[in-house]
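Trainee: We have chain H; now place chain P onto it with these hints.
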Amino acid sequence: MTTTLAPATGLRPRAATATESARLRWGRRFQHGGWFVAPFFVLYGLFVVVPVVRGLYLSLTDANISGDHTRFIGLDNYREAFRDHLVWNSLWHSVQFTLYVVPCIVVVALLMALIAHHIAHLKWLWRLCFFAPFLLPSAVVGNLWWWLFQPTNGMVNHVLGIDTPWLTQRSTAMIAVVVATLWWTVGFSFLLYLAALQNIPHHLYEAAELDGAHAFQRMLHITVPNLRTITGLVIALQVLASLQVFDQAVVMYQFGPGPEESTRTFVQYTLEQGFTSYRVGYASAISFILFLIIAAVALGRMWLLRLREEDAR
Amino acid sequence: MTTADPTPVPRKARSSWTPGQIALTLVAAALSLVWMAPLAWALSTSLKTPTESVTSPHWIPQHLTAESWKSVVEAATSPTGS
Chain H
6 MTTTLAPATG LRPRAATATE SARLRWGRRF QHGGWFVAPF FVLYGLFVVV
56 PVVRGLYLSL TDANISGDHT RFIGLDNYRE AFRDHLVWNS LWHSVQFTLY
106 VVPCIVVVAL LMALIAHHIA HLKWLWRLCF FAPFLLPSAV VGNLWWWLFQ
156 PTNGMVNHVL GIDTPWLTQR STAMIAVVVA TLWWTVGFSF LLYLAALQNI
206 PHHLYEAAEL DGAHAFQRML HITVPNLRTI TGLVIALQVL ASLQVFDQAV
256 VMYQFGPGPE ESTRTFVQYT LEQGFTSYRV GYASAISFIL FLIIAAVALG
306 RMWLLRLREE DAR
Chain P
80 MTTADPTPVP RKARSSWTPG QIALTLVAAA LSLVWMAPLA WALSTSLKTP
130 TESVTSPHWI PQHLTAESWK SVVEAATSPT GS
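Chains as they are written, first to last, in the numbering used here: chain H, 6 to 318; chain P, 80 to 161.
So here's chain P without its partners, still in its complex pose:
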């Protein structure tokens, strides 16, 4: 008597997106958003013109400019440091 080889039944992989994990991810995303907001604002302001950076606050620069970054590089490379 021969028996057929038991064929492995492919088990359905359990999704890691359980309700608990979804809630946890949402909380983590919200907290990260709050925590990164000051850095994002600093980065966005560094790409604004000096006039725009002191007007009413907004996240996206209206006129993108790299002037502030150029000033930093120039100050760092100039012999007087200013």
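Looking at chain H on its own, in the form it has when it is part of the complex:
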């Protein structure tokens, strides 16, 4: 006797067919797209996911650089980090650097972009001049400004006619790093602003001109509102990059913490713990704290952006 259940259940074969065809469709889609994205996922897994998971594991151990006798110690490293005044100190230096450098970059980059956009002659020359420092490696920038800020034979003091020991006194040490960073990185934000300025429809300016708006009014009511999104992006990118400040400060102070430890940044302290004190577990825990801070800033920015979009609707 060969009876089947199919007629009794009615919809089952159709559902089965639908599931089957969905699976086939997915398989076919994977065949086409999956293999294209597979190299990305493999590299992402190898170079991002695995190190992050490994770092998280190390942060829960007392691992040293030799890797011997590693013990699981739970959250002890995190507890120690919250009690360590050098963690707070170095975090404050990174935040201080961010508070100084971000507004400077936003203002200078916007000014440069406005000049390069509105100028009629030799546009390419101004763009090249403003962007060129961004092409230098951080070690070159650090060394260059170390020389420029020398008290007796440095060009900065010579040009300004002063004899400030920029790199050896607490009050100017961070300013020196900020100046070097502004000079080096403003080119990137300048390009973002320039691209945004070029995207503002020209007819808006023509209409405003016909309505009798003068240059300042056109700037205030057309340029500034149209640059709001890119300004948000520039601020977010600069905040995230500035919190991770490391190389230029380290090169300018020859891997030292600066005068009265005034320029030791969070990343530098992590490096010191990992490779000078050989406490890899503790260094991993500090890295994760910085990761959480940066993630919180990024999420906060996204939340604000969403709020603004909802308000606009």
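I should point out that these hints are in silico values taken from the structure, not numbers from a laboratory. Possibly wrong hints are sitting among the right ones.
[What the hints assert, rightly or not] Looking from chain P toward chain H, a few residues come up when the C-beta cut is under 8 angstroms (computed): (1) Gln100; (2) Leu103; (3) Trp114; (4) Trp120; (5) Ala121; (6) Thr134.
Even for Gly, the Cβ is constructed at its ideal location relative to N, Cα and C.
Mentor: Relative to chain H, chain P alone:
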């Protein structure tokens, strides 16, 4: 009745050197000068002798030399890299 062909009156090209553009160019030049000064100083120092490069700062090398550049090329081509 015939009418003469209207001859096109050559319009005087408006100069782009308006007062605003002159001011903008001056600001751009000043800013570029400041921005390129560290690079110019680095280039000028690379053409000074080691003694001259650590004496009181000046823009133009007194004794032009390509020794630093030669050292870089030699370091880059030597097997030990130094």
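Trainee: Looking back at the hints listed earlier, which ones does the structure fail to meet?
Mentor: Violated: none.
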